[in-house]
Amino acid sequence: MQTANEEQNTWKAPVVCVIVALITRTLYLLAAGKEPTFLSPGMDAEIYRNWADALIGGTQVYGPYFRAPLYPWLISALGNLFGNTFWPIRILQVLISSLMAGGLAILARRWMGNRAGWIAGLTWALYGASIYFDGEGLIASLFTSGMIGLLLLLDGSARKHWTLHVVLLAVLFALQIALRANALAFAPVLALAVWWTGKEQRVPLSRRSVTIISAAALSFLLILPIVLHNHTTGAGWTISSQGGINLFLGNHETASGAYAVDPDFGADWTQKQVENRAEMTEERSLSEAEISRHYTQRALKFWIDHPVDAIGLTFRKFLATLNWRELGNNRPLNPYLWNVQPIFAMLLTVGFPLIMIVALAFMIPAWKTMVYIRPAILLALIHALVMIAFFVNARYRFPMTPMLVLLFAYGIDQLLPDRRRAKAGRGWWIRTTATILASAIIVLIPRPVPSIDEDQAWLLHHANALLRLERYDEAREAFQQLLESHPNVLNGHLNLGVIELREDNLNEARGQFAAELDLRPDNELAWNNLGVTYELLNDTESAIESYRQAFNLDPTNDDARLNLVRLLTKRMQDAADVSQWERVFIDSRELIALSPDSPVPLYNHAVFLAGSGQISEAYDLLQTITQQFPDFDPARIAFQQLQLELSTE
Numbered sequence: 063m064q065t066a067n068e069e070q071n072t073w074k075a076p077v078v079c080v081i082v083a084l085i086t087r088t089l090y091l092l093a094a095g096k097e098p099t100f101l102s103p104g105m106d107a108e109i110y111r112n113w114a115d116a117l118i119g120g121t122q123v124y125g126p127y128f129r130a131p132l133y134p135w136l137i138s139a140l141g142n143l144f145g146n147t148f149w150p151i152r153i154l155q156v157l158i159s160s161l162m163a164g165g166l167a168i169l170a171r172r173w174m175g176n177r178a179g180w181i182a183g184l185t186w187a188l189y190g191a192s193i194y195f196d197g198e199g200l201i202a203s204l205f206t207s208g209m210i211g212l213l214l215l216l217d218g219s220a221r222k223h224w225t226l227h228v229v230l231l232a233v234l235f236a237l238q239i240a241l242r243a244n245a246l247a248f249a250p251v252l253a254l255a256v257w258w259t260g261k262e263q264r265v266p267l268s269r270r271s272v273t274i275i276s277a278a279a280l281s282f283l284l285i286l287p288i289v290l291h292n293h294t295t296g297a298g299w300t301i302s303s304q305g306g307i308n309l310f311l312g313n314h315e316t317a318s319g320a321y322a323v324d325p326d327f328g329a330d331w332t333q334k335q336v337e338n339r340a341e342m343t344e345e346r347s348l349s350e351a352e353i354s355r356h357y358t359q360r361a362l363k364f365w366i367d368h369p370v371d372a373i374g375l376t377f378r379k380f381l382a383t384l385n386w387r388e389l390g391n392n393r394p395l396n397p398y399l400w401n402v403q404p405i406f407a408m409l410l411t412v413g414f415p416l417i418m419i420v421a422l423a424f425m426i427p428a429w430k431t432m433v434y435i436r437p438a439i440l441l442a443l444i445h446a447l448v449m450i451a452f453f454v455n456a457r458y459r460f461p462m463t464p465m466l467v468l469l470f471a472y473g474i475d476q477l478l479p480d481r482r483r484a485k486a487g488r489g490w491w492i493r494t495t496a497t498i499l500a501s502a503i504i505v506l507i508p509r510p511v512p513s514i515d516e517d518q519a520w521l522l523h524h525a526n527a528l529l530r531l532e533r534y535d536e537a538r539e540a541f542q543q544l545l546e547s548h549p550n551v552l553n554g555h556l557n558l559g560v561i562e563l564r565e566d567n568l569n570e571a572r573g574q575f576a577a578e579l580d581l582r583p584d585n586e587l588a589w590n591n592l593g594v595t596y597e598l599l600n601d602t603e604s605a606i607e608s609y610r611q612a613f614n615l616d617p618t619n620d621d622a623r624l625n626l627v628r629l630l631t632k633r634m635q636d637a638a639d640v641s642q643w644e645r646v647f648i649d650s651r652e653l654i655a656l657s658p659d660s661p662v663p664l665y666n667h668a669v670f671l672a673g674s675g676q677i678s679e680a681y682d683l684l685q686t687i688t689q690q691f692p693d694f695d696p697a698r699i700a701f702q703q704l705q706l707e708l709s710t711e
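Using this note's numbering, you'd call the opening residue of the sequence shown number 63 and step up by one each time.
One or more of the hints may lead you astray.
[To be verified] What follows is a set of in silico ranges between Cβ atoms, one per label pair, in the way DEER data are often shown:
#, residue 1, residue 2, range
1, D330, N600, 53 to 59 Å
2, G119, Q263, 32 to 38 Å
3, F377, L531, 39 to 45 Å
4, R346, N600, 24 to 30 Å
5, L531, L226, 44 to 50 Å
Since the hints were derived computationally from the structure, they do not count as laboratory data.
Where is the CB? At the ideal position from N, CA and C, for every residue including glycine.
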């Protein structure tokens, strides 16, 4: 129970915690703003920003949403307002997360007292992972702030204006789903929690039932446009179509349990690659829903065929959920933060293990003694279970930390000396100490995920950022240093070749691409860039062969396919001009195979058949084209003309 003095000063902890959070995050943005890898983070952050830029430019998404769309929508809205798609979203995340430091202080103060409020709020304000993710162009920050918002609304519904809080909860819940579809798993906990808070406030049973059903309907209506879009574009009744693929990436024979690494395409897999593989396996064209189902079945097959391995993998994921290491999947976190400012790296390193050790030790006592904290514990557990089904790393683990912070505040408050603890017997201290030591062993000792060479990963990430920023001299130096220390690094020579190519140093570029292919003959990107280089060197035959190699290695590489189509078309037309029909038809057949869904190569083939005197074959082919592509006017007109000519003979 709070004292009279505490009641008079309830505003202090939230306000101070918000200010401290704003200061730490502002200092981080100022320090990180000079770092190339912050300015060009690559991977998912780049995908979301490019999506937002495309929306601002007027590009519409006609296919299914592979990722939940709310985040890029928000980035594009901020971009339209402020003319920038990089900084506004980060500033918004900092502001909201800082306010949530105050929110956690309020929750902890209400549930446990003023001191716990200070502990929870300041812990969030100084929490390294929160400071880091608030500055990233990723969903994690807003989604995690949304988790705190859900807790605040649940707590509010237990105190007053129950109906209003339930409606606001439904809106926020829908926004969480539109950010990340796995929020759907929270629905049972939220429904039970508001049912209980309504009962505590003596809300009549009929009103409770109608309100909760109406709130569920409101949440559904808010996400319905996304669901309808995906349904009408072949992804089924989903928020995003990537669920099956992600499940497979976390459940296969070589899965680490922490990283989204494909067994065939590695960490740099693309959506087109995994979709093409599914279609090749099924030997038919697949909708997005069928592709997701295909990978879900492959994940389940892994469990059926290798149950012992699957159980072992799941246990490692469970340990990784509790483990002290923050596993980055978009960049190596510790080297990056040490480069930005060592204090932020230290905050990241000590933050999660300290919180988790105390939270684990005091979870059961908190459950027994505080009714209000139970929904928070359940939400954390559900989030952890959903995450373990896929894969565990810092970004996906982050949303459960607000609930852990509340447990941490409870535990520290229990350990600090006061009159209550002075009355605790020796047995309480022995049990508590033993529990904390056991928690520390679980959190600190296991190494469930194999370690990676973070120095190599960081150097590569840094060099790639410089390349994306077109700071070529710095990028060249960075890649050269990387290759000196790690001569076999993936794409090291490739990226050096790209730099030389962009600066028109064609012979140097060719040498670097060749060096990459000496190390990895199956690198389709190196083959494609080598083709570009040969083309600029006016070696058309070598360019065609390089593009062909790239496309054969990766049929989803549209750049290689289009380059190959362009050069083959030119060579075919040049051969037709001098009546080299054998060459023409060889290239024409390859072009048909490269574009099986297009009538153009077939039409050109028919024209060349007619030009070479094979009128009957041209007639049959034009007739086939008009049947398969009735809206393709050139073939229809040519077929009619040929019919007329043949009828007048």
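Can you give the numbers of the hints that this structure goes against, from lowest to highest? 1, 2, 4
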